[in-house]
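Novice: Using the sequences and the hints given, assemble the complete structure.
Taken in order, these protein sequences are the chains called A and B.
According to numbering that gives the first Met the number 0, numbering within the first sequence proceeds without interruption in unit steps and concludes at 539.
According to numbering that gives the first Met the number 0, numbering within the second sequence proceeds without interruption in unit steps and concludes at 331.
Mixed in with the good hints, there may be bad ones.
Stated by the list, open to error - So the derived list for chain A, only partly shown, Cβ under 10 Å to chain B, looks like this:
id, residue
1, W54
2, A60
3, A134
4, P135
5, Q206
6, R227
7, S232
8, G244
9, G416
10, L420
11, H422
12, G455
13, D456
What the hints assert, rightly or not - Partial selection, computed: residues in chain B whose CB lies under 8 Å from chain A:
id, residue
14, G58
15, I174
16, A276
17, G304
Calculated directly from the structure, the hints in this document are not laboratory data.
No residue lacks a Cβ here, since even glycine has one placed at the ideal position from N, Cα and C.
In case you want the letters, here they are:
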Amino acid sequence: MTCMTTLSAIPKALTRRRALQAPVAALASCALPAASAQGAPPSSAPAPLQIVGPWEISGLAPASSGHVFTRMQVTETLLDAADDGQPRPALAQRWRRSADGLVWQFELRAGARFHDGTPVTAPAVVRSLQAAQVAPALLSQAPIESITAPDVGTVLIRLQRPHTALPALLAHSSTMVLAPASYGADGKVRSIIGSGPYRIAVLVPPQQVETVVFDGYDGPRPAIAAVRYLAASRAETRALMAESGQADLAYGLDPASLRRLRRHAQTPAAARRAQVRIESVTLPRTVIVKHNAGLPALRDVRVRHALSLAIDRRGIAHALMGDETLAATQLLPPTLGAWHNPHLSPLRHDPQAAAQLLQAAGWQRSGDGLRDPAGQPLQLVIRTFLDRPELQLIATALQEQWRLAGIAVKVSIGNSGDVPLGHRDGSLQLALAARNYANVPDPTGTLAGDFSPTGGDWGAMGWHSDAVVQALHALMRTNPSPERARALRATVTQALQTELPVIPVAWYRQHVAVGQRLAGVTLDPLERSYRLTAMEWNAA
Amino acid sequence: MKTTLSPSANAYAAFSAPWAGLLLRRLVQVVALSMLIGTLCFFMVRALPGDLATRIAAGRYGYDLVSNAAADAVRAELGLDHPAGLALLYWWRDMATFNLGQSLVSQRPVWEEVAHHLGATLHLSAAALAVAFAVGLPAGLWAGLHPRGWVDRATWLAAVALRAMPPFLLSVLLILVVAVQWGFLPAGGGESQASVVLPAITLGLGLAAGLARVARAAMREVVQSPFFEFARTKGLSDVQALVRHGLRNAAVPVTAYLGVQALFLVEGALVVETIFAWPGIGHALVHAVFGRDIPVVQGTALCMGLMFVVFNLLVDAACLALDPRHSRKVAR
Chain A
0 MTCMTTLSAI PKALTRRRAL QAPVAALASC ALPAASAQGA PPSSAPAPLQ
50 IVGPWEISGL APASSGHVFT RMQVTETLLD AADDGQPRPA LAQRWRRSAD
100 GLVWQFELRA GARFHDGTPV TAPAVVRSLQ AAQVAPALLS QAPIESITAP
150 DVGTVLIRLQ RPHTALPALL AHSSTMVLAP ASYGADGKVR SIIGSGPYRI
200 AVLVPPQQVE TVVFDGYDGP RPAIAAVRYL AASRAETRAL MAESGQADLA
250 YGLDPASLRR LRRHAQTPAA ARRAQVRIES VTLPRTVIVK HNAGLPALRD
300 VRVRHALSLA IDRRGIAHAL MGDETLAATQ LLPPTLGAWH NPHLSPLRHD
350 PQAAAQLLQA AGWQRSGDGL RDPAGQPLQL VIRTFLDRPE LQLIATALQE
400 QWRLAGIAVK VSIGNSGDVP LGHRDGSLQL ALAARNYANV PDPTGTLAGD
450 FSPTGGDWGA MGWHSDAVVQ ALHALMRTNP SPERARALRA TVTQALQTEL
500 PVIPVAWYRQ HVAVGQRLAG VTLDPLERSY RLTAMEWNAA
Chain B
0 MKTTLSPSAN AYAAFSAPWA GLLLRRLVQV VALSMLIGTL CFFMVRALPG
50 DLATRIAAGR YGYDLVSNAA ADAVRAELGL DHPAGLALLY WWRDMATFNL
100 GQSLVSQRPV WEEVAHHLGA TLHLSAAALA VAFAVGLPAG LWAGLHPRGW
150 VDRATWLAAV ALRAMPPFLL SVLLILVVAV QWGFLPAGGG ESQASVVLPA
200 ITLGLGLAAG LARVARAAMR EVVQSPFFEF ARTKGLSDVQ ALVRHGLRNA
250 AVPVTAYLGV QALFLVEGAL VVETIFAWPG IGHALVHAVF GRDIPVVQGT
300 ALCMGLMFVV FNLLVDAACL ALDPRHSRKV AR
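Specialist: This is the structure we're talking about:
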């Protein structure tokens with residue numbers, strides 16, 4: 000009897016059991032390759048150079064993600080820029096400007112080829128530049144009459160009026176040159192076919208790019224054969240990837256991770272773990288407080304100076320940016336050589352002077368802070384955003400320093416778009432941002448936008464100075480002599496220092512964690528390139 | 000006389016009715032859920048503070064280039080000035096043709112984006128489930144068979160600790176110990192096969208903690224039941240009784256518990272995927288919400304909803320297959 004029951008139960012039990020076994024087996028098979036991959040023997044070629052950064056590939060349009068591809072040296076722009084912003088040849092090996100400054104002629108490098116094997120021709124360049132004339136691509140700022148190709152190796156740009164910043168605009172990643180085959184029938188970019196020393200091997204938006212050396216490049220062959228880029232949105236992840244040896248270059252480190260990495264590098268006990276060193280470069284980027292000078296409280300320049308005097312810049316720079324020399328003494332940092340004015344009296348920290356200025360401006364100290372004669376408290380909201388890890392920390396430090404001065408400030412953390420939006424609808428009171436004055440290598444255009452008569456999305460609000468506008472106009476439109484240019488720049492920097500249409504807080508230093516196996520690492524202060532072609536593997 | 004039917008016909012009769020009912024119910028659920036999720040997402044994203052065009056421009060061009068000019072260009076290109084209802088109507092129309100639309104930020108078809116992220120999330124979820132099974136089940140079963148033994152106490156302690164620990168803390172601890180100190184596994188990214196291990200362990204351990212406790216309770220109940228007692232009285236050894244009568248009975252509550260825990264997987268994935276830079280759907284959803292990329296929010300939320308339904312369907316099916324009482328009851 001027992002035997003009978005077991006036998007009759009077998010077929011049914013088996014089908015059910017099989018049905019139940021299948022998903023379990025499937026689960027196990029998912030986990031298995033992962034386990035076996037760890038034991039895979041390393042191949043003889045070094046693993047690709049791994050870069051990790053915060054910048055995602057949000058679409059293939061050059062204005063969105065061109066910077067990813069120019070930095071990885073997949074695509075080239077017509078012109079390049081030296082560290083000080085001076086134009087340098089790139090796809091154009093020579094260029095010249097007509098005497099009236101209206102016609103610019105660019106001669107292309109004869110040996111340049113796209114990654115699909117076709118030569119880089121003037122019509123291809125014209126097509127890319129024309130596509131880059133649409134906002135927000137920066138070439139839309141230039142008064143361009145026409146872009147033409149008189150012959151296969153020459154590009155001609157005619158302007159409506161002189162624009163000295165044109166070479167800088169032509170070095171911006173949104174003007175990168177793509178092969179005609181990159182564009183789809185609708186004119187949108189479908190694939191990235193550039194002309195740089197590396198070509199795309201794998202592209203998985205929004206996070207991953209892999210490149211290999213392009214054999215048809217007309218320059219010297221790079222020592223690093225393959226490169227990977229990964230976008231990781233959390234700063235801790237990027238630092239840990241560098242620390243574990245997974246990433247060779249980690250960009251965008253948060254202050255806490257930076258301190259930990261430095262400490263590990265210095266402590267002998269942790270020497271085994273200290274696989275990374277930190278490379279730094281000062282960027283032409285300044286942490287600023289943008290403010291609405293149209294507000295009754297901020298219209299008074301004394302209040303703006305009081306806000307500035309209440310800021311302990313050295314403390315912020317030391318504690319939150321890891322280097323107290325980054326405390327801003329004026330808006331434009333020393334890296335912007337021509338624009339940094341050593342004759343200005345530096346911004347300083349002086350709470351007593353701040354209190355006196357506020358009192359002179361009619362603000363009375365009461366138990367819970369400052370009040371105007373009508374008894375209204377001095378309360379402001381500062382907006383900032385998450386894209387740079389230290390901004391929120393600096394905002395809370397400012398909140399505390401201003402609280403000590405009697406000014407109640409609320410921190411509102413949102414999206415970077417909230418700042419231009421608040422500028423437009425007038426709702427913005429204060430905003431903390433890291434403004435890049437070298438979006439294009441020459442800051443004149445950026446400054447002219449930020450301090451225009453109507454203000455700028457990331458610059459002045461409710462403030463303008465005719466002297467500044469005229470000086471910037473003269474720098475943009477005419478070709479002044481070096482002495483005259485210096486005087487014009489001094490006019491601008493002097494006005495910005497005395498009027499404080501934006502309050503500078505700190506300059507910026509880019510810190511990159513570099514893995515042990517990498518040599519020849521230099522950082523680009525203009526953030527245009529990872530400079531992979533100059534790197535090599537350490538012999539050890 | 001149903002017992003006289005051949006085994007296969009018997010099985011068919013027992014399975015078809017509940018299966019058809021189950022599938023039909025779920026299908027109606029899926030359609031209703033899709034429309035509801037898509038519509039809700041639409042209104043939720045539209046109701047969020049901030050200007051839509053400015054947010055999309057920030058998502059597309061980054062904070063160095065976002066400006067009012069960029070926002071105006073985006074507004075004109077995407078027709079964001081049109082009434083909101085019109086956009087929703089278009090979405091409903093597209094849904095009827097299984098078209099999820101185009102991302103407002105990357106301008107690629109949503110389906111392409113979502114498929115890539117969904118694949119990564121399914122991979123991670125399956126690996127996490129495998130970890131949960133491998134760790135939670137044996138511990139729970141052993142604890143159920145040997146109550147108040149040291150394994151029981153240890154799993155209790157571990158379960159409390161793991162359930163109390165937020166996934167982001169566990170992630171960072173695992174990276175610090177395994178990737179940084181021992182140098183074993185990749186700390187982040189999704190490009191190599193080994194990358195899945197740490198996020199899967201993070202998610203899987205949390206799941207295993209609950210699974211072990213439920214498995215213990217289920218096993219305990221089975222061991223104390225009269226039928227188990229009878230199985231041993233009739234002469235089966237402990238192992239035979241466990242394999243023939245114990246495991247399957249204990250499997251029913253454990254499987255049902257997994258259905259409830261699907262939420263844990265989805266919710267945990269949001270955090271874990273971000274920390275490990277895993278290109279999954281939770282990560283995509285967070286970015287789409289920040290960038291106000293409505294079609295991608297709708298698409299990813301839809302996929303997460305469908306994942307939830309499909310997972311529950313699988314759990315229901317497994318329960319049905321495991322528990323013949325249930326199918327007979329429904330068949331009758």
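Novice: If a hint holds in the structure, say so; if it does not, say that too.
Specialist: Tested hints:
1. W54: 7 Å, holds
2. A60: 7 Å, holds
3. A134: 5 Å, holds
4. P135: 3 Å, holds
5. Q206: 5 Å, holds
6. R227: 7 Å, holds
7. S232: 6 Å, holds
8. G244: With a closest approach of 6 Å, the G244 (chain A) hint holds.
9. G416: 4 Å, holds
10. L420: For L420 (chain A), the interface hint holds, since the closest Cβ of chain B sits about 5 Å away, which is under 10 Å.
11. H422: Holds, because the Cβ-Cβ distance from H422 (chain A) to chain B comes to roughly 7 Å (cut-off 10 Å).
12. G455: 8 Å, holds
13. D456: Where the cut-off is 10 Å and the nearest Cβ of chain B is about 4 Å from D456 (chain A), the hint holds.
14. G58: 6 Å, holds
15. I174: I174 (chain B) check passes; min Cβ-Cβ to chain A is 5 Å, inside 8 Å.
16. A276: With Cβ-Cβ at 4 Å, under 8 Å, it holds.
17. G304: Since the shortest Cβ distance to chain A is 21 Å, the answer is violated.
In this structure, only the earlier hint numbered 17 is contradicted, and the remaining ones agree with it.
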